[in-house]
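Peer 1: Residue numbering for the sequence shown follows the UniProt record's numbering, beginning at 1 and increasing consecutively.
Certain hints may be false.
As the list claims (entries may be wrong) - Restraint ranges, calculated between C-beta atoms of paired labels, are given here: (1) 473 <-> 306: 25 to 31 Å; (2) 77 <-> 353: 38 to 44 Å; (3) 12 <-> 378: 52 to 58 Å; (4) 595 <-> 307: 36 to 42 Å; (5) 141 <-> 356: 29 to 35 Å; (6) 346 <-> 190: 20 to 26 Å; (7) 108 <-> 293: 38 to 44 Å; (8) 277 <-> 98: 45 to 51 Å; (9) 449 <-> 190: 23 to 29 Å; (10) 468 <-> 532: 40 to 46 Å; (11) 128 <-> 293: 25 to 31 Å.
Everything labelled a hint here was simulated from the structure, so no lab data went into it. Note that the structure is a prediction, hence the values are computed from the model and not measured. Each residue gets a CB set at the ideal place from its N, CA and C atoms; glycine is no exception.
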Amino acid sequence: MRGPLLHVRVNDRLLFKQSSLSGSKIVLSVSPYERGITVVDPDMFPNRYDYRKIAALIGIIRMKNNRYVITANRVEDAGVLNGHKFFKVVEHSVIPVKKDAKMHSEESQYVALLEAHLSKAALYFSYTYDLTNSIQRNEQHGAASWRTAESRFFWNYYISESLRELSGDHPSVDDFIVPMIYGFVKVVDTVFKDIPIKLALLTRRSRFRAGTRYFRRGIDQNGNVANFNETEQILLVQNSKSQQIHLFSFLQTRGSVPVYWSEVNALKYKPNLLIGANGSLGAFKEHFKEQKQYYGKNYVVNLVNQKGYELPVKETFESTVDAADDTGISYVYFDFHAECSKMRWHRVKLLIEQLQGVGWDSNDFFHKTLCHDGTTDVVLSLQKSIVRTNCMDCVDRTNVAQSVLANWVLQKQLEASMAVTVNVPWEIDPNLLSNYQNIWADNADAISCAYSGTGALKTDFTRTGKRTYTGAMKDFANSAFRYYRNNFTDGPRQDSYDIFLGNFRPYETAVQSPFIDRRPFVIQLMPTILYAALTVIIATIMFPKGYFFSLKNLTFFAGSSLIALLTIRFIVQHGMQYVNWPKLCDLGYVEIVYNHNKEQVFKGITYTPSSDFVKPNFLKRD
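Could you put together the complete structure from these sequences and hints?
Peer 2: If you want it as structure tokens, here you go:
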């Protein structure tokens, strides 16, 4: 049985064992020798008091010169549902296996990226419940086990590789493997018309094509899309009138527009939009082949604008849908900004009518009754289709649309449990309405922080049901902060994803460090010149020598201002070279050019858009 662990260092080994007397009796040893991790004699665990108690073993990762054990030291409760406790990791440790190994600069940068990811990642787990799977999938699998965990959402899958391999020879190692999800988990206990209910919301982020807003867009050749999340709304109703306990689940997904497209940062507020030059039909079909296997029929909701900057993405998406000619896909376009302009946010409910018009059934959800010990009584219905929603980022507009659909389904579920009569809106209960709005707004913020680096926009509508001018001002501030992060800090954040998920493995790299700045000297020099010029300008204004309008002060001021303006002009003209690009994995839509002079002496690298992506005016249709 899984549970908290004890660990201690003995000489050159890290030892782990279950803290509970009822747990597995085996002891895991992680060392720099042998296979790295083995099962050892339980007597090797010392009978002393300097051991440390941890919540879980997240995994083991190999960098360039050392292995590191990642532990969840402290957790906080994220809720209880049907007897299963959910936890969020709030404190972790990265423990070097070779304790006294010298950490070189490159190694320390890899470890810093790992620490950065762990410090920001919203990781959730349960000892007794598989959070990687929905209630419906868990109903089919039975007892929680990493062996039946959903690989897409098993966030620590890569770093648990050595544990999973060891469990082949020692099945008891299963008790040390805890699948974790990156996303959101919250359970609210409330009362609706004197009926105790639990409302839960879970979001699972896919580990495939995971990353940050502008460095992960669109689809890859395997059909994986950026920012793919599965959101599950769960409702548990203990209705004394019917003498039954009802458990409902409703799944929705979101994911980047499933075609080849990108937005290339160049320090402009609006990046340069590019579309795949050779069409996306093959990858598109691969994506929906998998989605139909997982969820059944897909109702695909597209919320991007039908004019201006976003139009080419809409047109490419629709032409690919037409070319695919797949009866398992029903496409719905909803012009979110046009329909909901001038604060008419209630009009997003028109989307429900459009979905129903193409066959979506709002009664399509998982429903079962429970025995009083929490086990399944009768499965009454299965969810047989999915609504897949996207906007450009799959964050702000998507959040609003998904919360409105879930609201509609919640009404049907409460009616099915006889907690409310047909056509009596559940929103008449202000307590449940407040809980519902806040749980969805918190979910929106969690998804947005993981992808864009800030909380979600438009959450004033999600929290209150109204769009406010205060909310609009907050959105403006978040948009400005997103611009800064997306251009100047998201590169290392993308690298941290790639390190944790195993997309980049430091021990497989060549001799040269990827962290060396290899841009041309003049490119590197310009920010220093700008800082110096601005320093002189500020000093001249704040601490003039004598009279500010003296010839000497004005000369310093004018000369520094001219240098600053020319430097800014140069930086803006070469904007791509000043974006903080990821350094570990190929982005696909950006090429690195190695520059040499006539004597073939290396003069540095520059970044340029890939020839596989073109401006929308030059598209080749499928």
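Peer 1: If you test the structure against every hint from before, which numbers come out violated?
Peer 2: none
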